[in-house]
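Protein chains: 4
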Amino acid sequence: MSGNSFGKLFVVTGFGESHGPALGAVVDGCPPGLPLTEADLQHDLDRRRPGQSRHTTQRREPDRVRILSGVFEGQTTGAPIGLLIENVDQRSKDYSEIMDRFRPGHADYTYHQKYGVRDYRGGGRSSARETAMRVAAGGIAKRYLRHRYGVEIRGWLSQLGPIPIEFRDPSAIDSNPFFAPDPARVPELEEYMDALRKSGDSVGARVDVEARGVPPGWGEPIFDRLDADIAHAMMSINAVKGVEIGDGFGVVAQRGTEHRDEMTPEGFLSNHSGGVLGGISSGQAVRVSIALKPTSSIRLPGRTVNTSGEAVEVVTRGRHDPCVGIRATPIAEAMLALVLMDHALRHRAQNADVDTGIPAYAEVPARGAMDPGES
Amino acid sequence: MSGNSFGKLFVVTGFGESHGPALGAVVDGCPPGLPLTEADLQHDLDRRRPGQSRHTTQRREPDRVRILSGVFEGQTTGAPIGLLIENVDQRSKDYSEIMDRFRPGHADYTYHQKYGVRDYRGGGRSSARETAMRVAAGGIAKRYLRHRYGVEIRGWLSQLGPIPIEFRDPSAIDSNPFFAPDPARVPELEEYMDALRKSGDSVGARVDVEARGVPPGWGEPIFDRLDADIAHAMMSINAVKGVEIGDGFGVVAQRGTEHRDEMTPEGFLSNHSGGVLGGISSGQAVRVSIALKPTSSIRLPGRTVNTSGEAVEVVTRGRHDPCVGIRATPIAEAMLALVLMDHALRHRAQNADVDTGIPAYAEVPARGAMDPGES
Amino acid sequence: MSGNSFGKLFVVTGFGESHGPALGAVVDGCPPGLPLTEADLQHDLDRRRPGQSRHTTQRREPDRVRILSGVFEGQTTGAPIGLLIENVDQRSKDYSEIMDRFRPGHADYTYHQKYGVRDYRGGGRSSARETAMRVAAGGIAKRYLRHRYGVEIRGWLSQLGPIPIEFRDPSAIDSNPFFAPDPARVPELEEYMDALRKSGDSVGARVDVEARGVPPGWGEPIFDRLDADIAHAMMSINAVKGVEIGDGFGVVAQRGTEHRDEMTPEGFLSNHSGGVLGGISSGQAVRVSIALKPTSSIRLPGRTVNTSGEAVEVVTRGRHDPCVGIRATPIAEAMLALVLMDHALRHRAQNADVDTGIPAYAEVPARGAMDPGES
Amino acid sequence: MSGNSFGKLFVVTGFGESHGPALGAVVDGCPPGLPLTEADLQHDLDRRRPGQSRHTTQRREPDRVRILSGVFEGQTTGAPIGLLIENVDQRSKDYSEIMDRFRPGHADYTYHQKYGVRDYRGGGRSSARETAMRVAAGGIAKRYLRHRYGVEIRGWLSQLGPIPIEFRDPSAIDSNPFFAPDPARVPELEEYMDALRKSGDSVGARVDVEARGVPPGWGEPIFDRLDADIAHAMMSINAVKGVEIGDGFGVVAQRGTEHRDEMTPEGFLSNHSGGVLGGISSGQAVRVSIALKPTSSIRLPGRTVNTSGEAVEVVTRGRHDPCVGIRATPIAEAMLALVLMDHALRHRAQNADVDTGIPAYAEVPARGAMDPGES
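Chains as they are written, first to last, in our numbering: chain A, 4 to 378; chain B, 4 to 378; chain C, 4 to 378; chain D, 4 to 378.
Just so you know, these hints were derived from the structure itself, not from any lab.
Heads up, some of the hints might be wrong.
Since the list gives no way to pick out one identical chain from another, each pair is judged satisfied if it fits inside one copy or across any two copies.
[What the hints assert, rightly or not] Simulated pairs of lysine to any residue, SDA-like, Cα-Cα distance not exceeding 25 Å:
| id | residue 1 | residue 2 |
| --- | --- | --- |
| 1 | K11 | R302 |
| 2 | K201 | P362 |
| 3 | K201 | R258 |
| 4 | K201 | E265 |
| 5 | K11 | E194 |
| 6 | K11 | V357 |
| 7 | K201 | R62 |
Please take these sequences and the hints and turn them into a complete structure.
Structure (structure tokens):
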């Protein structure tokens, strides 16, 4: 209720501060019998973790996750899964000067107003460091969705600041430090980031995520639509300021004849809807885009006030990502996995016995596993 | 849990189908002592209800709300508030031909796959008619927020299909059938809609909503950020495909120096954040934009399949809005009110005793009550 | 969250006051495809409703329930089921004298302290009249449990004031106004109640409820044990002051060798546990007992204070049950049904795919459908 | 949702198995500014922990709790509080022989049926060892309730098997290994336990808990009554089979004139209700009793079946409490604290602004801080 839990049936509850001893999470509601080891979760944690290239924060955290409960002899038992990652590379002295001043664009001022007390070291609870636990918990969801339902989730960087990145080669996504699906763009992205880093400024980004193989019927009508819960999940990621499903803001200027995805016995003829109709999955790919703001943790001084209400300047030292969007891809994937997992369980709770006899249609023509650009 | 409730402490639970006997809602958690009559809720219901102009559906529903409980001698008692609106103008025969075929772009197919059984009359539970109860329930929230905290919520149409609408005159919003804040644009909008209606097609729209006077400190960190819950609320409205907070997707190409809202002892110097920092309200105006798709209920035939899996054509007869975005303004206001109300209560549950001694900063220079365009 | 909802997946949300226009409830989460009519719910409502004999309150309420949504062509659709019962026999003038004084043993004082404002007519929201909606909602759960899982739920009066009632003839339960399973006791019960009514006093009662055919595996470990949720449900009924599962307080003086229910390939050899082990159903009958206090609504004057803090006397006029336990049997059945229904859905959400290959053991020797006395 | 969380606003989520590496809990929703150290929680953990006398299990666990988050510079920050206790004295080999057979009276069979897979070492998740985290989390609640509201919570053993224990000297409670409030009874209790231990059998117990200083107004009407949530909390403790509020099952034979607690300007004249009227605290002491069954972990062989469905005998080796009720007192206190804490926050969320001007009455004559026997 105080915002540290996500999901209704597959529930993730996180804790931990950027400069505290550890981050942790409890994952409750996981079905029993899922093969699971720590190594299974480490892959995505490594994709997210800092210090992987010169373009992200230089904080060195191995982000080794321990499973403390809920797994017995290599498989889940249905009991809550306790996860723990110890912080090892805190440098809290970096933050002492912002103890009494509010960095503009940060949560410093709002946390102070909300709680009256604030762990200012590295942003405390408001640090994006907490997203490590999202990735760990999301890894369990991803794994179950793949094993039980054949659902595959993939994200990529679709724009870095002013540079749009086309979806040309999904196999390239994990081969460059940007999660960019267009390898030909990578040199330009590196150049841009090097210049940005030198300038001391930061920049925004856009990330796309997609889930394929989602069966029709997931999502609840009215308030807990699949897309509403996805919007919730995505907007809860640090720095996200916009969420789109399917054509997103592009629908404003569309006509109904253009937008509605017609159906044939072979499948849907397009996917403007992003795989959700009336809040419920249609069997088409679920497609989501998010906008991430430029981090406010920059070396360039800004005007602000201190806890005494005086005008002061502030410079963020510490170690930060000049573009938080770069590391956001595995986080967005994890959040989409958590939503889908939760709705898989919610759906079968109410509708376990439903058998419509109607096939699950997907898009036609059949497209490559990672080729959303054609729709 | 099945999606018909919204909120954690100020909880709205709705029921009712488009062509059933009535729509209803239970509002639980309202603080006692709020003066409340049915007339107080009718104003917004009238703003939303169909048939107000030739540009919306011609279904004639008075949408008279009855308060069945929770109010005694003119004020709320703290008990749940039962609300009921009877349906009076159903014409279910209009829908018999779509009983066994799935209208493209509608929830027909997904509801069928989810539940195996479907009330096809007017879309049943998936009809936008349910939004009447959102507006009624949101009216209670709006009222409490204004009485207790001085919060004012206003929405407007900012784009109709290809026509952008500037924010020029807030006093005009309720004086035209589009909720357009630019009276000079109204003739163009009317002409556009007349042509659209004749064509049998539909179009999308963009709606903006704003809350002024929100105190700093509302919202929960991590998963239940104020903006995450707003995104959830907005994306749960029928036809919404995108949500932005503050600069929204505009942040992708922004620099950190540009985006971060600097503070002075007089207040914030800009409002790129949309009034939320780290998921918690900052005292700036909370600003939200949503994209609504063109309704798929159009007279132009489309390809689809029927319940036997055969290729068929379908035409939506019935009475429909050629642009659902037109009536969306009071709905978006209601959803923003519900989120803020819920977080007002959540905040004081945990932090009732917090007194920071720090003033609540708003934007400077002081702007007119409805002048968001300057930020 | 304000206490008017029950359940996590099969969720009942009620509203309405004793002397308001109507009582209502929304039942969300019911699986689709269940045959359901208003008549199906009326049977239990008639068992509970007042004025059925001279031993209960003489308020005349037909308690006719209307289904406003969620049912289409005779079966549930998965959409929320709106239920409404109109109040017809309010006599609010009976209550004007208790407007400013707190009846001892009632909720008058505590509601006043909680909310500052109070609907004093007939107890307002605190009246046991709200239990009509529990019975209506519980009727849906009972029906689903029987259709889908073969679960049968039955309750009876096991003690009236000082008179214990043995479980001799379950077929007699619905043939006397007390739900007493021993027809030979009925004349004594009638005589006792006639004398009690004349005295102007009231008395307590004990009610037993049992569910047979519950499959093993329902209930969640740790906090949401099946028995914990049953205790919650039962203690939430007006006037209940104690709850027992299985042998209840009898276990205090038992030895482990006596209490543990041994198992054989033919089944459990006893049922001291009341059908729950480690919070999870065992396949044995689920057995519950509750203690109901004597109503405080009596004609004999009592000392109290008024809203000005002065010492006053108060007499409850109105129309009341001299033993609220008499009408409690269908209410207790309904609450047990709601808990089991909720856990049936919760169980299959997480464990839909579990197949242990182990049979479900019940008690042996096989007993008559309503013969719990032997265990 | 899978049963490992308790509370709605002050939420405890636990994890960990008896023989896993650690037990943990996340406490979310704690108000900021509460002074808190690990030592503050250790006191109650030490009261609960095993091996304190020869009358409890001889497993040696220091039960040292670490606070991993949510506390900064000695006070709570409003962020979730991560708690961890490492298991140090597991002897899992003790359990290998029960790997494939279901101990009667245990959760072995029901967990197996629910999940299909089972961590059999020491009962896994079903072990009472998880109650350590309840005590740790409850310690935070106790502390806040005392600091902010002056609420004091105390429990004691009121019956051990056949031996009733009168409430004679509250100061003696923590001075004997039984939490017995009658020091004169202690030798008899020790003798009884020594004989019991020799016999290899186990016995039940009764524990009473009381909260003094609870303000009037806590608790929600209808389903989430304070007493309903208390019943839920208590019945969720391992081995509990019965819960009473106030006079409990004693009310069955009471008259209304006897039961109703009359009020005078000086206060309530009695406390039959146990401090709750209409589900809401009255200002009287909140009084609760629970019945704990004899543990089924005994050395005497019992009949059962194995996972192949064959008849077998089983003996529980391992190390166990011959009377789990002895260590239940701090657990029951913790659960009462969690319920009260949750309702304190829930109450102020909705009713923060209520000011009735009516004093909070308590019982008269004023009694000693720990003298419930007089009411």
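Structure-based check of all given hints:
Proximity of K11 and R302 under a CA criterion of 25 Å is satisfied in neither setting, with 40 Å inside one chain copy and 40 Å between copies. Taking the shortest Cα distances, K201 and P362 never come within 25 Å of each other, neither inside one copy (55 Å) nor across copies (37 Å). For a Cα distance limit of 25 Å, the shortest separation of K201 from R258 across copies, 13 Å, qualifies, whereas the shortest one inside one copy, 45 Å, does not. Taking the shortest alpha-carbon separations for K201 and E265, only the inter-copy value of 22 Å comes in at or below 25 Å, while the best intra-copy value is 50 Å.
Taking identical chains as interchangeable, the C-alpha atoms of K11 and E194 are never at most 25 Å apart, the minima being 44 Å within one chain and 47 Å between chains. Taking the closest pair of Cα atoms, K11 and V357 come within 25 Å of each other both inside a single copy (21 Å) and across two copies (21 Å). Within a single copy, K201 and R62 get their C-alpha atoms as close as 18 Å, which meets the 25 Å cut-off; across copies the closest is 60 Å, which misses it.
In terms of the numbered hints stated before, the structure departs from hints 1, 2, 5, listed from lowest to highest.
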